[in-house]
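Q: Sequence:
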Amino acid sequence: MKNVNNAQMSRLISIVTTPYVLSRKAVSSVGETIIEMGKASEEVFRGDRLPILRVPLENTDDRSWRVEIKY
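The sequence shown begins at 549 in the working numbering and counts up by one.
Please note that a few of the clues may not be correct.
Only pairs whose alpha carbons sit at most 25 Å apart, straight line, appear in this in silico SDA-like list of lysine to any residue [what the hints assert, rightly or not]:
#  : residue 1 : residue 2
1  : Lys573    : Asn554
2  : Lys573    : Ala588
3  : Lys573    : Arg594
4  : Lys587    : Arg602
5  : Lys587    : Pro599
6  : Lys573    : Asn553
7  : Lys587    : Val603
8  : Lys573    : Ile563
9  : Lys573    : Leu560
10 : Lys573    : Glu584
11 : Lys573    : Ile583
12 : Lys573    : Gly586
13 : Lys587    : Arg572
14 : Lys587    : Val575
15 : Lys573    : Ser558
16 : Lys573    : Ile561
17 : Lys573    : Ser562
18 : Lys587    : Ser577
19 : Lys587    : Ile600
Estimated spans, in silico, between C-beta atoms of each pair [unchecked claim]:
#  : residue 1 : residue 2 : range
20 : Val592    : Arg559    : 28 to 36 Å
21 : Arg559    : Arg594    : 52 to 60 Å
22 : Ser558    : Thr581    : 33 to 41 Å
23 : Val603    : Glu580    : 34 to 42 Å
24 : Val569    : Arg594    : 36 to 44 Å
25 : Lys573    : Phe593    : 41 to 49 Å
26 : Val592    : Ile563    : 55 to 63 Å
27 : Ser562    : Pro599    : 31 to 39 Å
Worth flagging that the hints you see were computed from the coordinates, not collected in a lab.
Bear in mind the structure is a predicted one, so any value in this text is a computation, not a measurement.
The beta-carbon is built from N, C-alpha and C at its ideal position, and this holds for glycine as well.
Please construct the entire structure, taking both the sequences and the accompanying hints into account.
A: In structure tokens, the structure reads:
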């Protein structure tokens, strides 16, 4: 009777091992991808790659333009 339980337990462990290892690898891969996407988006929003916008002066009637840089 004890041998049957060991055989069943061994079979259960062998069935569960592959999905467990694959899910651990998938979670690790997704985590690395999210970190890399965060780094890439940080570069985009850093500001040195954004275009300089020409904004009209609000207090003039001739609609002269100036460059406004906000930090």
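Q: Determine for every hint whether it applies to the structure shown.
A: Against the structure, the hints come out as follows:
1. Our distance criterion of 25 Å between C-alpha atoms is broken by Lys573 and Asn554, whose separation comes to about 28 Å.
2. Note on Lys573 and Ala588: the hinted pairing holds, with a Cα-Cα distance of about 23 Å set against a maximum of 25 Å.
3. Using a Cα cut-off of 25 Å, the hinted pair Lys573 and Arg594 is violated, with the two alpha carbons roughly 32 Å apart.
4. Between Lys587 and Arg602 the alpha-carbon distance is near 29 Å, which puts this suggested pair outside the 25 Å criterion.
5. At most 25 Å may separate the alpha-carbon atoms for a hinted pair to count; Lys587 and Pro599 meet this at roughly 20 Å.
6. The suggested pairing of Lys573 with Asn553 is violated, with an alpha-carbon distance near 30 Å, which exceeds 25 Å.
7. For the suggested pair Lys587 and Val603, the alpha carbons sit about 30 Å apart, so the restraint of at most 25 Å is broken.
8. Distance check on the hinted pair: Lys573 and Ile563 sit about 17 Å apart at the alpha-carbon level, within 25 Å; holds.
9. With a C-alpha separation of about 21 Å, the suggested pairing of Lys573 with Leu560 holds against the 25 Å cut-off.
10. With a C-alpha separation of about 17 Å, the suggested pairing of Lys573 with Glu584 holds against the 25 Å cut-off.
11. The straight-line distance between the Cα atoms of Lys573 and Ile583 is roughly 15 Å, inside the 25 Å bound, and the hint therefore holds.
12. In summary, the hint linking Lys573 to Gly586 is supported, as the alpha carbons are separated by about 20 Å, within the 25 Å threshold.
13. The suggested pairing of Lys587 with Arg572 holds, with an alpha-carbon distance near 23 Å, which does not exceed 25 Å.
14. For the given pair, Lys587 sits about 19 Å from Val575 by alpha-carbon distance, which is consistent with the 25 Å threshold.
15. For the proposed pair Lys573 and Ser558, the alpha carbon gap of about 23 Å is at most 25 Å, so the pair holds.
16. The hinted pair formed by Lys573 and Ile561 meets the criterion: a straight-line CA distance of about 18 Å does not exceed 25 Å.
17. In summary, the hint linking Lys573 to Ser562 is supported, as the alpha carbons are separated by about 17 Å, within the 25 Å threshold.
18. For the hint linking Lys587 to Ser577, the alpha-carbon distance of about 16 Å falls within 25 Å, and the restraint holds.
19. In summary, the hint linking Lys587 to Ile600 is supported, as the alpha carbons are separated by about 23 Å, within the 25 Å threshold.
20. A hinted range of 28 to 36 Å for the beta carbons of Val592 and Arg559 is inconsistent with their spacing of about 51 Å.
21. The hinted range of 52 to 60 Å is satisfied by Arg559 and Arg594, whose Cβ atoms lie roughly 54 Å apart.
22. Checked against the hint of 33 to 41 Å, the C-beta distance between Ser558 and Thr581 comes to roughly 35 Å, which is consistent with it.
23. Taken as a hint, the range 34 to 42 Å holds for the pair Val603 and Glu580, whose Cβ atoms sit roughly 40 Å apart.
24. Between Val569 and Arg594 the beta carbons are some 38 Å apart, a value that agrees with the proposed interval 36 to 44 Å.
25. Between Lys573 and Phe593 the beta carbon distance is about 31 Å. The supplied range of 41 to 49 Å is therefore violated.
26. Between Val592 and Ile563 the beta carbons are some 45 Å apart, a value that contradicts the proposed interval 55 to 63 Å.
27. Remark: the range hint 31 to 39 Å for Ser562 to Pro599 is contradicted by a beta-carbon distance near 58 Å.
The structure fails hints 1, 3, 4, 6, 7, 20, 25, 26, 27 (numbered hints given earlier, in ascending order).
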